[in-house]
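First to last, the sequence lines map onto chains A and B.
With the working numbering, you'll find the first sequence wraps up at 417, consecutive numbering, no jumps.
With the working numbering, you'll find the second sequence wraps up at 1256, consecutive numbering, no jumps.
No lab work stands behind these hints, which were simulated from the structure alone.
There could be a bad hint or two in this list.
Said to hold, decoys possible - Quick look at which bits of chain A chain B covers, simulated, 3 or more residues with Cβ under 8 Å: (1) 19–26; (2) 114–123; (3) 147–155; (4) 310–324.
Stated by the list, open to error - Computed cross-link-like contacts, DSSO-like style, restricted to lysine-lysine with a CA-CA straight-line distance of at most 27 Å: (5) B/1237 x A/172; (6) B/1226 x A/171; (7) A/15 x B/1183; (8) B/1218 x B/1062.
Claimed, not checked - Computed list of chain A residues with no C-beta within reach of chain B, every gap over 10 Å: (9) 8; (10) 9; (11) 58; (12) 105; (13) 107; (14) 134; (15) 163; (16) 176; (17) 232; (18) 328; (19) 330; (20) 362; (21) 364; (22) 365; (23) 374; (24) 393.
Just so it is clear, the structure is predicted and the values come from calculations on it, not from any experiment.
All C-beta atoms in this analysis are idealised placements derived from N, C-alpha and C, irrespective of residue type, glycine included.
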Amino acid sequence: MPEDIIVHGIEWTVKELFVYPNEYIYWSIQIVMYPYMTGLVAGAFVLSSLYHVFGQKELKEIAQFSLVFSLALLPVAALPLLLHLQQPTRAMEPLLTPHFTSAIAAFGIVFTTYALIVLSEIWFVYRKYFVEQVHALKDKPGLSNAMTRMVYRILTIGAYDVDADAIRVDKKAATVLAAIGIPVACFLHGYAGFIFGSVKANALWMSPLMPVIFIMSAVVSGIALCMLTYIVIREWQAFRRRRQGGVLEASEIKGAEKHVIDSATRYLVGFLVAAISLEMLDLIFRGYTAMKSWDILRSVMYGKDFMNIFVLQYTLGNLVPFVLLLLPGRTMKRTVLALLLVLFGVFMMRWNVVIGGQAFSLSFSGYMHYEIPIIPHSVETFKEGLFGALTVISVPFILFWIINKFVPSLQRETSSE
Amino acid sequence: MTCSRRDFLKDAVGGTLASVMPLSAFTFISSAEAKAAIAESKVRWAFLVDTNKCVGCGLCVKACKNENEIPYDAEVTRTWVERYVITKDGKTHIDSPMGGRDGYTSMEIDGQEIDPDNIDKAFFVPKLCNQCDNPACVQVCPVGATYQTNDGVVLIDRNWCIGCGYCIMACPYGVRFFHPVHKVADKCNFCYHRISKGMEPACVECCSFGARRLANLKDPDDPVTKIITTERVAVLKDEYGTKPHVFYLGLDANVR
């Protein structure tokens, strides 16, 4: 066989016992990343909406950051899908010829709708700031100032009216958008769950609970990532200040604020309980009804994937952070550890769904193991390997860094709210 | 910036019209109109596999790979033959190395030597695309690159498939795979290029034992159709509601 002819999936699939000849792990790490990143987007948005819609004042600071961070995460929700396609140049086809009986066909539409909502909400929240910048940079010399001013002028889209009435309208618009955004964010992610839950051929995936489980764990992971990033950035800023020997002013950086973290933690734990309850319900129901597929599912869950499911996901990713967050006398360090574990737990949940769903053959008579390519030796083993996943994870932070240059979500008193 | 309500409304209406007018060039057709445009076919292709006749020689797999240009040594195939050996201890041993392409000459299954005296029963089961009436693969294709023809065969447009793999995941029979050269989804289509010209599929033509036969269900005089309609045939995995159209004679309960 010529060397360039490589069957997709053969490089990372190890078969055991009887597996149909064409079966491989076709959906690998990038499809684990897809619901993970989408979940982070949705969760970040829900966190920001808790403030904008439900007026949770103590979340104000983290809400502004979450909103901008969800924008940075947004393109990255689509990136894994693009990397996973065998024909990436045809990626726009689902928008050109959508076949609406397919759950994937609506992705472009749902995704675009959501992107527009996030973008316009940010615009309404920061419009006053953009206008102020245009005025502030007016007489400053230098090319970079002129360039920056140009960017801000574009960002205002010609709306320079910042009197009290206009700002009130802005606020109202942002609230309305945030309110519309919640169901859309949930839909964006619940729909990712539907993509899996509706595959009737897959015994593990097929469950009407799948979209709801996905939404709950999405909110958990989104809140956790926003809290974590917020704490790290805040503490880093405070650390840098202290080293420079600067005096801390009340309106300036003073590290992550405890009350912000406390209230965000309450929501995190709430959604975590909901997510775990639903997953347990799903598991118990499968065991109790013991359909034809239960024999092989049981052997995967309690045998081959026991470590991944019960040790890494449920114990290390759910139970341990749950205890860490609820035990009294919680410190910032302990919170950071708990948040890292929560993020890890949700990642393992995605892994156990996507990879676990392909861990057994459609024949129910054999198994497949996914051996993630570590050192890539081709484009394919890069994309569908460890480094492909790391690329996807790092992009939102780079994007956030760039966006935050123009939309300073971490400075206090920049938004119009 | 000032903009009166009247100006805003005027511009909004104008802008909407300007962007919508070009769309009027497109027309929506109802599903009834679409059906009328495609004449009702006189053909519904189906397949009959007589497992009693299959000897597991693998000629069908060879013929299929050559006819349909699936790289010969690539470990994917449009059709394959499974071997089932049920031993006296009640265990079912199944294998299909290289899709059974090279025939079954060894007594070894999965590294385990089977003692001939210990066998209750053993048989071969050829598999191929079931050309379902309610195909899950067609339902989930996000771009409509895989579709059902009016004579029942499910085809794939190689120039339009984006290679997302959703159809591969959706098929309960595992007949789909990514073509290693074209990098798009691929599967058996009953040799559509042959049957639409009055020829037999490659696997049917080369089967010396008559284990594989093609049928036109809409032709009551078709001898294979007569077997399907008058004898006791079974299909694979009917619990998925896909309405498969590959019928089996002598299908054992152990077959997966």
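(message) Could you work out which of the previously given hints the structure breaks and list their numbers from low to high?
(response) 2, 3, 4, 5, 6, 8, 9, 10, 12, 13, 20, 21, 22
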